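> Residue numbers (numbering that gives the first Met the number 0), protein chains in the order written: chain F, 0 to 685; chain C, 0 to 188; chain U, 0 to 567.
Keep in mind the hints are simulated off the structure, nothing from the lab. Among these hints, one or two may not hold up.
When the alpha-carbon atoms are kept at most 16 Å apart in a straight line, the in silico EDC-like pairs for lysine to aspartate or glutamate are as follows [to be verified]:
1. Lys281(U) with Glu412(U)
2. Lys463(F) with Glu517(U)
3. Lys512(F) with Glu517(U)
4. Lys294(F) with Glu412(U)
5. Lys332(F) with Glu349(F)
6. Lys447(F) with Glu427(F)
7. Lys95(F) with Asp19(F)
8. Lys451(F) with Glu485(F)
9. Lys291(F) with Glu427(F)
10. Lys182(F) with Asp116(F)
11. Lys215(F) with Glu412(U)
12. Lys135(C) with Glu102(C)
Some, not all, of what chain F presents toward chain U, calculated at C-beta under 10 Å [stated by the list, open to error]:
13. Pro242
14. Tyr246
15. Leu263
16. Gln508
17. Ile571
18. Gln604
19. Ile608
20. Ala647
21. Thr648
Which bits of chain U does chain F cover? Going by a derived footprint, with three or more residues having C-beta under 8 Å, they are [claimed, not checked]:
22. 437-449
23. 514-522
24. 532-541
Predicted model, so just to flag it, every value in this text is computed and none were measured. In this text, a Cβ means the ideal position worked out from N, Cα and C, and glycines have one as well.
Residues per chain are reported as follows:
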Amino acid sequence: MANSKSAGLSGAIVNHAIVDSFRKLDPRTMVKSPVMFVVEIGFVITLLLSFDPNLFGGHYGPGSGERAFNIFVTVVLFITVLFGNFAEAIAEGRGKAQAESLRKSKTDLTANRRRSDGTYERIPATTLRRGDIVRVLAGEAIPGDGEVIEGLGSVDESAITGESAPVIRGAGGDFSSVTGGTKLLSDELVIRITADPGESFLDKMISLVEGASRQKTPNELALSVLLAGLTLIFLIVVDTLRPIATYLGAPIDIATLIALLVCLIPTTIGALLSAIGIAGMDRVIRFNVIAKSGKAVEAAGDVNTLILDKTGTITIGNRLASEFIPVGQHTDKSLIEIAVLSSLFDETPEGRSVVELSKENGVSFVREEFHDAENIEFSADTRMSGLNLPDGTVTRKGAVDAIRQYVQQRGGKVPADLEAKTSRIAMEGGTPLAVVSGNEVYGLIYLKDIVKPGMKERFEELRKMGIKTVMCTGDNPLTAATIAKEAGVDDFIAEAKPEDKMRLIKEEQAQGKLVAMSGDGTNDAPALAQADVGLAMNTGTPAAKEAGNMVDLDSDPTKLIEVVSIGKQLLITRGAITTFSIANDVAKYFAIIPAMFIAMIPQLQALNIMHLTSPRSAILSALIFNAIIIPLLIPLAMRGVKYRPMNATSMLMRNIFIYGIGGVIAPFVGIKIIDLIITALGLAHI
Amino acid sequence: MVNLWRSLRFLVVSVVLLGLIYPLIVTGIGQLLFPYHANGSMIKLHGRVVGSMLIAQNVTNPGLFHYRPSAVNYAGNGSGGSNLGPTNPALIKEIKGNIQTVEQQNPGTPVSQIPPDMVESSASGLDPDISIQDAKIQVPRISKATGLSQQVLMALINRNEQGRFLGIWGQPMVNVMKLNLALLQQRGK
Amino acid sequence: MTFAGTIGILAVVALILALAIPMGGYIYRVFTGQRNWFEPVYAPVERVIYKFVGINPDAEMDWKSYAKSWLLVQFVMALFVYIIFVLQGHLPINPDHIKGMSWDLAFNTAASFITNTNWQNYAGEQSMSYLGQMAAITYLQFTSAAAGVVAVIAFVRGMVANKGKTLGNFWVDYVKVHTRILLPLAFLFAIVFVGLGLPETLHGAQIAHTLQGGTQTISRGPVASLEAIKQLGTNGGGYFNANSAHPFEDPTALTTVLEILAMALIPAALVTTFGKFIKDRKQAAVLYVFLTGLLLAGAFTVYASESAGDPLVHHLLGIGGGNMEGKEVRFGQSLSSIFVAATTAFTTGAVNTMHDSLTPLGGMVPIVFMMFNSVFGGIGVGLLNILMFLIIAVFLSGLMVGRTPEIFGKKIEAREIKLATAAMLVHPFVILVPTAIALVTKAGTSSMANPGLHGFSEVLYAFTSGAANNGSAFAGLNGNTVFYNVAIGLVMLFGRYVSMVAMFAMAGSLVKKSVVPESAGTLRTNTFSFGGVFLAVIIIVGALTFFPAVAVGPIGEHLQMIAGQLAK
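Based on the provided sequences and hints, a complete structural model is requested.
Here's what the structure looks like:
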């Protein structure tokens with residue numbers, strides 16, 4: 000995936016797409032796109048008329064040029080259908096190439112399955128069932144999706160995520176989930192398989208990127224209905240022209256009528272509709288997000304409320320030391336010394352930041368001098384960490400109440416100003432860590448949660464898009480409020496429990512809003528399932544990944560914002576090309592109607608405002624324009640219309656201006672140019 | 000079935016209310032308050048109804064003002080227009096015939112002076128009004144036929160001219176029946 | 000064109016808006032069950048009706064039972080008037096001894112009046128007894144208008160409900176439109192009309208002995224009562240053949256202004272009513288601006304074209320000035336032009352001018368307005384069509400701003416688009432297909448009164464008028480043949496009922512949806528920018544669908560006319 004992430008349209012993809020565009024001519028495939036199917040039927044009819052222009056009545060002699068005209072129309076129609084197929088094929092092509100590389104990583108996997116008697120057997124990975132237990136050794140590929148039940152090891156997930164840095168996976172907790180096809184680099188894992196063959200993450204991903212399981216989204220369905228309706232209307236319009244012409248005394252030939260029909264029906268959007276959908280999904284995938292359905296991506300575009308966890312999403316997540324605050328009689332210097340000691344072997348970001356900050360304050364120790372000290376790691380029980388020096392000095396830093404308890408247990412006294420200083424830090428949104436040596440509290444380390452750079456601007460954008468952001472945090476209300484203000488979110492829930500998230504989602508949904516959230520823990524799963532868009536982190540538990548309708552392979556919760564943009568872009572691209580397609584009809588009418596009726600009503604020549612050379616060149620020019628606009632718009636369909644956050648009305652006016660007004664003007668220019676070329680080639684009077 | 004029965008009952012109530020009571024009440028009030036209008040603005044002369052103030056009738060007598068051309072020959076029981084379209088040769092033929100009639104009856108009238116309403120058929124075929132220009136063109140003929148001076152006739156037209164309603168709606172015109180009645184009165188008939 | 004005439008047109012439109020806006024508020028109060036000054040009169044009458052008909056006024060109906068009752072009662076009425084038309088020769092209140100109609104003419108007339116079209120293949124003074132004029136024509140002019148009003152009210156209720164189920168009680172709504180809106184207004188207008196010269200009598204035709212000694216039979220009857228509801232209900236079916244061009248139907252410039260006002264009053268008022276229902280005045284204001292703009296654009300196109308006159312008459316005959324063929328002197332160009340535009344904008348179908356004799360561009364405006372069918376539109380149905388186009392416009396615009404489209408907080412999804420597309424599809428289908436059939440059959444072409452492109456326009460006009468439930472005509476076309484009676488009859492029925500049932504179904508689907516609160520990302524439909532998009536959708540959908548027909552008809556004829564070519 001990593002290598003295909005930036006892959007453009009390689010020659011191989013194009014070649015494949017060309018072959019596919021012919022394969023897709025099969026009417027059984029074509030009928031899925033009613034608009035293009037009508038073009039194909041038209042092609043068949045003009046093809047027959049190319050052999051015998053009088054097949055359906057008429058008296059065209061050899062001198063009438065009717066056959067040449069029919070052949071010309073047939074060719075252009077054929078090209079129109081091919082262009083449409085090509086658009087779809089090329090959109091699928093990229094996915095297929097990705098699927099191919101994914102498949103490679105899947106083949107030849109074998110598994111070491113535990114028999115009921117406890118011994119292991121080597122079997123092909125494809126025969127693994129849910130519930131099987133397998134053992135994986137360092138250097139082996141993990142045979143299937145599962146949950147680590149024993150062991151701890153580093154796993155290379157680059158085959159799926161493209162991220163080359165290995166990740167730690169181990170039994171218990173939120174990091175127990177492994178994916179088939181990834182590679183164990185160290186140690187040994189025992190894994191319980193959680194997916195039956197064909198249902199694994201890799202399988203789902205292959206079918207997703209291939210577009211095999213692509214179903215029309217509700218919105219796409221609605222648009223298809225409208226397009227089919229328009230096609231029907233134009234069928235009626237064109238079918239009734241023949242009797243009108245008969246009444247006026249000069250029947251119109253069938254090829255001309257088919258040409259008009261094909262020009263009028265929304266072929267541009269009809270041809271590009273599925274390409275837009277596929278390309279939209281593809282864009283999501285290139286963001287390293289796996290959407291389980293197109294519906295989820297579209298829903299993302301509609302999201303009204305975004306629920307984001309504070310830690311790791313809005314803030315960097317690692318609280319960093321920003322200030323030392325001594326308490327009691329202690330000085331800065333003595334506090335800093337104790338603080339550094341307690342953090343010397345602390346590899347957590349907090350610990351390292353304490354060392355860093357001390358260094359800035361001119362206090363530093365060399366680790367080697369303390370090699371015989373005992374490092375006490377943080378545990379959820381004690382909620383403190385520190386160092387026991389061989390001389391009996393005990394240094395600790397930890398949650399203030401834990402430290403207070405610790406000191407009191409040892410008969411120490413808690414300085415009077417600790418309480419006040421603690422609450423000041425808390426009020427400012429920081430986290431206080433108390434520092435203690437022996438039973439003496441030296442002071443506090445002010446840990447600050449840093450809002451990620453650029454978040455404020457992004458929330459501002461979201462607000463413009465009409466999306467409300469709600470921050471969820473386990474912090475106390477004061478802390479939460481400070482961070483919320485700093486980050487610029489609209490609302491927050493402090494001291495949030497998983498149930499609170501669930502309740503918030505339900506409340507918002509009851510008001511008719513769509514809610515998006517991200518999560519990774521097992522306790523997030525119900526909320527992920529309840530949310531309209533649930534983005535699960537790839538590092539999360541299998542339950543979370545199962546519950547969400549999207550999985551972010553990079554495990555970056557801020558991706559939600561990108562996904563929203565992609566969802567919107569998808570709709571906008573559809574709308575823009577539809578509008579463009581319909582607006583094009585105006586010019587085509589001005590080309591074809593005067594040409595059609597010139598024999599009966601010469602005065603209608605006044606409507607030939609483009610001054611096209613001859614009736615036939617007018618009709619062919621419009622038809623050719625109609626065909627070549629499809630490949631010209633393929634890049635737009637693939638890339639998507641540029642989306643910039645702005646209020647809906649200005650965006651509407653902007654897009655109407657570009658694709659509506661532009662859609663009216665462009666074909667006038669295009670048809671005229673094609674007419675000039677046809678005339679220059681001497682084909683205007685065939 | 001309940002609905003059908005209900006629909007039938009609604010039909011009975013509503014026909015009686017809307018189809019009978021309503022028009023009959025309006026008829027009653029109309030006849031009471033505005034008997035002249037309610038009965039069709041009929042004009043009696045010497046005890047006989049000579050027509051309606053609002054309905055054109057066939058007048059060819061050179062001594063009376065003529066109405067506009069009628070595509071239905073002034074049938075008071077069969078209104079209608081010519082329904083000839085603007086590019087129809089029959090329209091040109093019809094107007095040409097009307098111009099000839101005007102020229103015949105009012106010799107010396109230059110075609111460019113003839114207002115379109117004088118030679119183009121009205122919508123109802125019963126248009127009771129003519130334009131001032133139309134009336135003026137008829138003055139020399141009527142003067143000749145009746146012996147009334149042109150000044151007197153002009154004054155008659157002026158006196159009976161109806162302007163635009165509120166100055167914005169309609170156009171200046173005269174009601175032919177009114178004009179002819181005034182004319183007859185002038186001649187002492 | 001004159002200054003006075005221009006001001007005259009603007010004044011008519013200003014008058015309409017000035018009265019329609021308070022009227023809209025009144026209609027809103029009626030349908031939200033609020034009491035009014037005349038409660039002591041209305042309430043007992045309504046109670047009697049409920050009792051007699053067997054209505055429980057407290058019951059609520061879902062869309063299916065609402066639509067079923069709505070259809071059934073109209074079917075019963077249509078059957079009833081069909082019987083009157085066929086048997087009128089044997090029925091009372093028939094002083095002029097008029098005979099019964101043929102089956103096809105009776106079918107056409109029943110279909111015409113039940114659908115609020117009022118297409119008339121008969122001449123009233125010759126083929127309709129006084130009983131028919133009152134108990135069938137005047138009667139259906141009330142009930143068909145009422146059916147339109149309740150349909151749109153039910154729809155709007157569905158639109159604003161938050162996860163609701165029901166659309167109200169059809170019977171209560173239906174009774175109230177009559178008792179509280181149509182009847183009081185009709186009484187008022189009818190009495191004023193009599194005062195201004197419209198006859199209202201049960202006496203038979205008057206035999207007059209004309210000034211120069213001939214005789215003239217002058218038809219008359221209960222004209223004023225019919226005229227009032229004919230206009231108020233956007234019906235348009237005249238008492239006389241010449242409709243509002245007949246001096247008995249429309250004797251003065253003032254009456255014609257009042258008639259335009261009457262036909263515009265309720266359709267224009269419903270825009271305000273709608274704004275009140277959705278609690279968004281600005282939405283109503285935006286609609287008013289664009290719809291009024293269209294109306295004026297149409298009126299002035301007709302006015303300019305008619306004032307310019309027929310160049311063929313100018314050049315071949317030397318007659319100068321505007322086109323007076325088929326016009327009445329008392330209305331002049333100005334009031335004729337606004338009437339032409341209004342009667343097709345509000346799809347009334349009354350005429351004070353013979354549309355067949357309009358200049359090509361003057362005749363194009365009514366055709367195009369009927370093709371749009373939503374320039375205010377007929378009573379009730381007009382607003383329904385406007386909402387249908389709003390939904391299509393919202394759908395396209397919603398895509399363009401990257402959100403699942405929503406209208407007034409309700410999401411527009413595949414089902415709504417399916418129904419809106421069906422409703423939209425009917426219109427071109429029932430206009431173009433029968434027109435095409437008529438053009439290639441002897442039965443179709445032999446009825447044409449004018450040759451060449453104008454003949455084509457006559458047929459196009461007929462089916463467009465039927466489909467739009469308008470009722471006006473290029474009246475040269477002889478519609479009283481089996482072919483046209485049946486074809487136009489069916490077109491009128493399809494034109495009205497298919498799209499309205501689709502809209503009922505859409506109301507049923509919308510009513511269940513929850514209302515999404517507005518946010519900065521919501522596409523606001525009450526802006527002038529969106530109004531422009533809405534207008535563009537109406538015009539483009541209309542233009543794309545009908546451009547070939549209009550190009551061959553009125554535009555072609557216009558080009559021929561200015562080239563100095565007569566039809567052959």
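> The structure should be examined with respect to each hint, and the outcome stated for every one.
For each hint, the structure was consulted:
At most 16 Å may separate the alpha-carbon atoms for a hinted pair to count; Lys281(U) and Glu412(U) exceed this at roughly 25 Å. Proximity of Lys463(F) to Glu517(U) is assessed by CA-CA distance (about 13 Å); at most 16 Å being required, the pair is judged to hold. A threshold of 16 Å between alpha carbons decides the hint, and for Lys512(F) with Glu517(U) the separation of about 10 Å falls inside it, so the pair holds. Note on Lys294(F) and Glu412(U): the hinted pairing holds, with a Cα-Cα distance of about 13 Å set against a maximum of 16 Å.
Of the pairs offered as hints, the one joining Lys332(F) and Glu349(F) is violated, with about 19 Å between alpha carbons and a cut-off of 16 Å exceeded. Of the supplied pair hints, the one linking Lys447(F) and Glu427(F) holds, its CA atoms being roughly 9 Å apart against a limit of 16 Å. About 12 Å separates the Cα atoms of Lys95(F) and Asp19(F), which keeps this hinted pair within 16 Å; it holds. Of the supplied pair hints, the one linking Lys451(F) and Glu485(F) holds, its CA atoms being roughly 10 Å apart against a limit of 16 Å.
Between Lys291(F) and Glu427(F) the alpha-carbon distance is near 41 Å, which puts this suggested pair outside the 16 Å criterion. This hinted pair does not check out: Lys182(F) and Asp116(F) have alpha carbons roughly 27 Å apart, beyond 16 Å. With a C-alpha separation of about 13 Å, the suggested pairing of Lys215(F) with Glu412(U) holds against the 16 Å cut-off. Restraint check: the Cα-Cα separation between Lys135(C) and Glu102(C) comes to about 14 Å, which is no more than 16 Å; the hinted pair holds.
Because the closest C-beta pair between Pro242(F) and chain U is about 4 Å apart, less than 10 Å, the hint holds. Given the 10 Å rule on beta carbons, the hint for Tyr246(F) holds: about 4 Å separates it from the nearest Cβ of chain U. Proximity of Leu263(F) to chain U holds as hinted, the smallest CB-CB distance being about 7 Å (cut-off 10 Å). With a least beta-carbon distance of about 9 Å to chain U, the hint placing Gln508(F) at the interface is held under the 10 Å criterion.
Here the hint on Ile571(F) is kept, as its CB sits about 4 Å from the closest CB of chain U, short of 10 Å. At about 9 Å, the closest approach between the beta carbon of Gln604(F) and any beta carbon in chain U falls short of 10 Å, and the interface hint on this residue holds. Evaluation of the Ile608(F) hint against chain U yields a violated restraint, the C-beta minimum of about 13 Å exceeding 10 Å. For Ala647(F), the interface hint holds, since its Cβ comes within 10 Å of a Cβ in chain U; the closest pair sits about 4 Å apart.
For Thr648(F), the interface hint holds, the least distance from its beta-carbon to any beta-carbon of chain U being 5 Å, beneath 10 Å. As drawn, the region 437-449 of chain U meets chain F at 3 residues by the rule of a beta-carbon pair under 8 Å; at three or more, the given contact holds. Note: the region 514-522 of chain U has 8 residues with beta-carbon separation from chain F under 8 Å; the three-residue rule is met and the coverage holds. For a cut-off of 8 Å, the count of residues in the region 532-541 of chain U with a CB near a CB of chain F stands at 3, and the three-residue condition holds.
Hints 1, 5, 9, 10 and 19, counting from the list given before, are not met by this structure.
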